[in-house]
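Visitor: The lines below spell out each chain.
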Amino acid sequence: MMISARGLRKSYGGIEAVKGIDVEVSAGEAFGFLGPNGAGKSSTMRMIAAVSPVDAGSLEILGMDPATHGSEIRARLGVCPQEDSLDNELSVMENLVVYGRYFGLSRAEASSRAKEQLAFVQLTERAKSRVEDLSGGMKRRLSVARSLINQPDVLLLDEPTTGLDPQARHQLWDRLFRLKQQGVTLVLTTHYMDEAEQLCDRLVIMDNGVIVAAGSPLELIAAHSTREVTELRFGVGDNESMAEKVADLADRVEVLPDRLLLYTDDGEQASQAVHDRELHPVSSLVRRATLEDVFLRLTGRTLVD
Amino acid sequence: MTRPVTSTGHDPDPVPGGARTLGLRVFPLFAAGHWRVVERNFLLYRRAWKVFLTGMLEPVLYLLSIGVGVGGLVGDFTLADGGAVSYVEFVAPAMLAASAMNGALFDATYGIFFRMKYEKLYDAMLATPLRPRDIARGEITWALLRGACYSAAFIVVMVAMGLVRSWWMVLALPATMLIGFAFAGAGMALTTWMRSWQDFEFVSLAIMPMFLFSATFYPISTYPDPVEAVVRWTPLYQGVVLCREMSLGALGWDALVAVVYLAVMGSVGMYVASRRIGRLLLK
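If you read the sequences in order, they're chains Z and R.
Each step along the first sequence adds one to the number in my numbering, with nothing skipped, and position 2 is 324.
Each step along the second sequence adds one to the number in my numbering, with nothing skipped, and position 279 is 893.
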């Protein structure tokens with residue numbers, strides 16, 4: 323077991339960010355923490371990274387207690403923080419070498435690994451650039467490269483693709499997928515459902531400091547949603563009244579300002595039934611349920627700040 | 615609020631690699647961690663070596679303006695022990711002490727504030743096996759080494775100008791490193807309480823009068839007794855005494871007091887800085 327937490331709690335100035343969670347991550351797994359902002363994901367990640375003391379509960383990382391073996395644990399972790407904490411005063415290459423030195427690598431070893439990692443994240447040509455001159459996507463890739471310099475057993479990624487354009491996201495996913503294949507345990511937080519579906523073997527959905535659901539993406543969809551969703555658009559203002567007329571056609575109907583969502587195991591059949599009742603929506607679409615449906619069902623559609 | 619059940623005694627600064635050897639316990643400066651921090655700064659300043667030139671130049675300009683310029687008007691004067699010195703000989707060691715102070719303070723205050731608050735450098739360092747105490751030791755070591763470069767250059771100038779009377783001066787470089795250690799430690803500790811750049815006005819507010827009034831430009835005996843008693847316990851006065859006694863070859867108990875004073879000041883500062891960094895960043 324790489325990470326094992328029981329009843330983990332964390333408060334900041336009287337506000338409880340993590341309210342007693344149990345988490346187990348085994349070797350080689352890609353594990354995700356999903357949740358809206360303020361759900362307690364980052365606080366949990368900081369405790370796992372051994373840079374934030376645990377208030378209550380127990381936490382073991384790589385079989386060690388972070389309270390007494392923080393330094394040893396951190397020696398075997400790779401951390402890619404939410405906000406890039408790259409050394410802006412150093413060049414791209416120097417960032418990696420110096421970071422490797424923090425882990426106690428020899429100069430020769432640090433620079434040979436740095437070159438390797440630059441190639442891995444496709445930044446070899448930018449080796450001499452100043453960090454400031456890199457794009458957001460490049461900085462994030464450099465952060466990933468830096469977090470790999472000590473050849474970690476566990477890689478922690480806090481919202482790895484937030485703020486990246488689609489090209490940069492896919493490129494980063496590709497790199498992370500390769501790491502997973504190499505047997506590196508990945509632990510990531512995200513609020514992108516597609517990212518969680520792409521990368522995570524198993525995930526937990528956190529809301530308000532607690533875990534509200536856990537399992538593989540497919541398990542979560544099976545447990546918390548129907549197999550399919552039929553989306554009906556009846557023109558603005560009509561959706562509310564139409565909801566009553568189709569309520570019996572699905573397990574659950576959700577009314578949104580611009581459309582109705584019919585949660586059902588057979589979307590086509592539901593769609594056909596709507597037409598049979600001559601309700602004539604402006605458009606109708608049948609799709610498979612996604613993790614996003616599960617997420618919104620469990621954490622609500624209201625905005626959290 | 616929950617009541618902590620376990621792990622309340624989280625050590626924000628645990629020891630890497632398990633138990634430390636006796637050698638590292640006794641001579642923590644040989645422990646590897648903090649030298650990585652020094653190395654990082656060295657790498658950075660290898661490119662920015664020009665800032666070192668201005669730092670070296672400043673005390674020399676003071677020496678030329680006040681020591682030589684004003685000194686021409688003042689003429690020689692008699693010390694408490696009866697010996698006569700020229701004014702420039704009197705001022706030069708004080709400028710040496712002041713440059714050691716300034717050289718160390720700049721990095722330990724502005725530099726550290728910038729790296730901690732804006733660059734988030736220490737957050738990145740603490741994600742590695744490095745601990746708060748490695749950061750405190752490393753930054754303070756770097757600051758005093760930087761100060762030592764300025765001091766070494768100034769000592770060369772003093773020797774070249776014939777302002778050194780005693781072989782004790784060979785100890786002046788370690789003495790200036792001690793001054794640098796004291797001010798870097800205290801400066802770094804205080805910096806952890808700074809909220810914005812404005813707060814650094816307090817540093818200037820402390821340093822400027824200390825520079826002008828710590829028996830730098832005239833003997834402390836000039837003051838009425840109560841004032842003298844206060845000035846005598848400022849850290850820069852202690853540094854000035856140390857450097858002056860070395861350069862004039864009149865070493866006494868005051869120098870020993872100064873050594874203890876500065877060593878304690880630096881050690882306390884370093885300890886506080888390391889605790890504060892742990893508290894601020896490992897939360």
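Some hints could be false.
[Stated by the list, open to error] Below, computed lysine-lysine pairings styled on BS3-like, alpha-carbon distance capped at 25 Å:
hint: 1; chain 1: R; residue 1: 734; chain 2: R; residue 2: 897
hint: 2; chain 1: R; residue 1: 731; chain 2: R; residue 2: 897
hint: 3; chain 1: Z; residue 1: 341; chain 2: Z; residue 2: 437
hint: 4; chain 1: Z; residue 1: 450; chain 2: R; residue 2: 664
hint: 5; chain 1: Z; residue 1: 341; chain 2: R; residue 2: 897
hint: 6; chain 1: Z; residue 1: 437; chain 2: Z; residue 2: 450
hint: 7; chain 1: Z; residue 1: 450; chain 2: R; residue 2: 897
The set of hints was computed from the structure by calculation and includes no laboratory data.
Visitor: For a quick check of understanding: which of the numbered hints are violated here, in increasing order?
Guide: Those not satisfied are hints 3, 7.
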